[in-house]
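Chemist: Turn these sequences into a full structure, and let the hints guide you.
Residue numbers (full-length UniProt numbering), protein chains in the order written: chain A, 1 to 247; chain B, 1 to 247.
No lab work stands behind these hints: they were computed from the structure.
Treat the hints loosely; a few may be bogus.
[Stated by the list, open to error] Partner residues are not named here, just some residues of chain A that face chain B (Cβ under 8 Å, in silico):
#, residue
1, 46
2, 125
3, 237
All values derive from a computational prediction rather than experimental measurement.
Think of the CB as a built atom: it goes at the ideal place given N, C-alpha and C, for glycine as much as any other residue.
2 protein chains.
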Amino acid sequence: MAGILYVVGIGPGEEAQMTPQADEAVRQSQVLAGYTVYVDLLRERYPDKEVLTTAMTQEEKRCRLAFECCAGGRSTAMVCSGDAGVYGMAGLILELAPEYPEVAVRVIPGVTAACAGAAVLGAPLMHDFAVISLSDRLTPMETIWKRLELAAEGDFVICLYNPSSKARGDYLSMACDRLLARCSGERICGIVRNIGRQGQEYRVMTLRELRDWKADMFTTVFVGNSQTRRIGDYMVTPRGYRHGQRG
Amino acid sequence: MAGILYVVGIGPGEEAQMTPQADEAVRQSQVLAGYTVYVDLLRERYPDKEVLTTAMTQEEKRCRLAFECCAGGRSTAMVCSGDAGVYGMAGLILELAPEYPEVAVRVIPGVTAACAGAAVLGAPLMHDFAVISLSDRLTPMETIWKRLELAAEGDFVICLYNPSSKARGDYLSMACDRLLARCSGERICGIVRNIGRQGQEYRVMTLRELRDWKADMFTTVFVGNSQTRRIGDYMVTPRGYRHGQRG
Numbered sequence: 001m002a003g004i005l006y007v008v009g010i011g012p013g014e015e016a017q018m019t020p021q022a023d024e025a026v027r028q029s030q031v032l033a034g035y036t037v038y039v040d041l042l043r044e045r046y047p048d049k050e051v052l053t054t055a056m057t058q059e060e061k062r063c064r065l066a067f068e069c070c071a072g073g074r075s076t077a078m079v080c081s082g083d084a085g086v087y088g089m090a091g092l093i094l095e096l097a098p099e100y101p102e103v104a105v106r107v108i109p110g111v112t113a114a115c116a117g118a119a120v121l122g123a124p125l126m127h128d129f130a131v132i133s134l135s136d137r138l139t140p141m142e143t144i145w146k147r148l149e150l151a152a153e154g155d156f157v158i159c160l161y162n163p164s165s166k167a168r169g170d171y172l173s174m175a176c177d178r179l180l181a182r183c184s185g186e187r188i189c190g191i192v193r194n195i196g197r198q199g200q201e202y203r204v205m206t207l208r209e210l211r212d213w214k215a216d217m218f219t220t221v222f223v224g225n226s227q228t229r230r231i232g233d234y235m236v237t238p239r240g241y242r243h244g245q246r247g
Numbered sequence: 001m002a003g004i005l006y007v008v009g010i011g012p013g014e015e016a017q018m019t020p021q022a023d024e025a026v027r028q029s030q031v032l033a034g035y036t037v038y039v040d041l042l043r044e045r046y047p048d049k050e051v052l053t054t055a056m057t058q059e060e061k062r063c064r065l066a067f068e069c070c071a072g073g074r075s076t077a078m079v080c081s082g083d084a085g086v087y088g089m090a091g092l093i094l095e096l097a098p099e100y101p102e103v104a105v106r107v108i109p110g111v112t113a114a115c116a117g118a119a120v121l122g123a124p125l126m127h128d129f130a131v132i133s134l135s136d137r138l139t140p141m142e143t144i145w146k147r148l149e150l151a152a153e154g155d156f157v158i159c160l161y162n163p164s165s166k167a168r169g170d171y172l173s174m175a176c177d178r179l180l181a182r183c184s185g186e187r188i189c190g191i192v193r194n195i196g197r198q199g200q201e202y203r204v205m206t207l208r209e210l211r212d213w214k215a216d217m218f219t220t221v222f223v224g225n226s227q228t229r230r231i232g233d234y235m236v237t238p239r240g241y242r243h244g245q246r247g
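Modeler: Below, the structure is given as structure tokens:
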């Protein structure tokens with residue numbers, strides 16, 4: 001009998017932020033699959049698992065190996081940082097699923113970096129928001145910039161995933177330049193690095209300061225909307241409850 | 001000594017989707033505060049707590065009572081469905097916090113309905129997405145429509161919170177009419193109702209079908225982007241991994 005393929009959002013990293021449902025899915029699995037960094041976060045916690053890792057760019061190969069483990073009778077947990085569906089592996093797994101009709105797939109959600117990072121910064125996402133990845137590995141850069149500009153025009157709070165990498169060291173600055181053409185340099189922004197992991201750090205700053213911030217691939221970036229304020233150390237987007245105002 | 005005020009995202013409802021960190025925050029609290037529906041989800045699980053509920057529209061009163069419990073020495077968990085920051089109470093609590101400097105606030109994130117609902121439908125959020133609430137209680141309707149239209153123009157996947165209520169029975173239809181002016185009627189959409197609770201149901205449908213769907217306040221709505229497809233029973237937005245295509 002074929003095993004079950006679980007696509008599991010493990011949350012930002014620490015055990016306390018992984019749901020019991022996600023924990024149970026990993027426990028039920030014989031094989032732990034995923035990008036090396038995330039699998040390494042879990043190996044100590046689940047020492048009895050067979051481990052299946054591939055490099056970051058070999059997503060399809062990794063997914064097919066996971067399906068083959070399941071087809072061979074071993075349930076497999078394909079683990080994703082944060083949520084399983086937000087820039088995670090759920091989509092590719094379900095695209096491939098019709099080729100492996102004997103394998104049942106279950107997607108287990110998790111706490112995504114937008115929510116986990118927001119909690120560290122305070123409450124930046126209280127109003128309508130847009131989540132945009134700055135990685136152009138799979139998306140044309142012009143699409144990314146267009147979305148960023150439309151999100152600013154709509155006064156969405158914006159959460160940026162993958163703000164930087166070795167090959168894209170200046171993308172966050174380029175994004176900020178586009179935002180600065182539309183928003184005040186005093187717009188409140190925030191960054192969180194290593195959310196829920198050792199070395200977690202955060203900072204609330206202005207859009208002008210964000211432009212020169214050196215983000216790395218472990219950083220999540222938040223750009224407030226026109227109402228977002230700094231309250232003490234926190235980044236807070238009011239929703240309008242307080243004075244009954246509309247908007 | 002003052003108690004701690006925890007603002008806790010409990011996830012969509014079932015215990016298996018509440019993080020250990022959220023569970024621990026509730027256990028550490030003497031008082032359980034929140035909107036009645038969410039507190040009722042937790043009363044059985046935490047029977048020894050003092051309960052503080054107010055009606056849905058009395059958010060500020062509820063927050064002030066929670067601060068006063070903490071100021072009086074009792075730690076309090078203000079519970080929110082899904083995440084604490086996505087249309088939750090974290091923002092208002094942090095807006096009021098400077099008035100209660102003796103009370104420490106901690107925001108505990110959770111699995112928001114966008115992620116939990118997406119996992120039920122398959123993988124609709126795999127690409128950049130926008131989260132928009134259709135409630136005009138605190139936001140002018142024209143702001144909501146503008147955001148919806150800009151999100152469609154940017155080809156974002158769109159997740160709609162609060163798609164309907166007794167007073168706003170036709171808002172989802174109105175939203176779909178605006179989307180139909182910009183997107184094909186065949187655009188793939190999905191709804192999930194009672195996510196992670198008894199009576200959970202979901203359905204993948206076209207935008208044209210969504211227009212006439214009777215959503216209620218326990219429904220979360222997903223509108224795919226131009227690439228979103230139906231694969232078997234699932235709603236899937238490809239990210240482009242598979243054939244190395246860009247976009």
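Chemist: Any of the earlier hints contradicted here, and which numbers?
Modeler: 1
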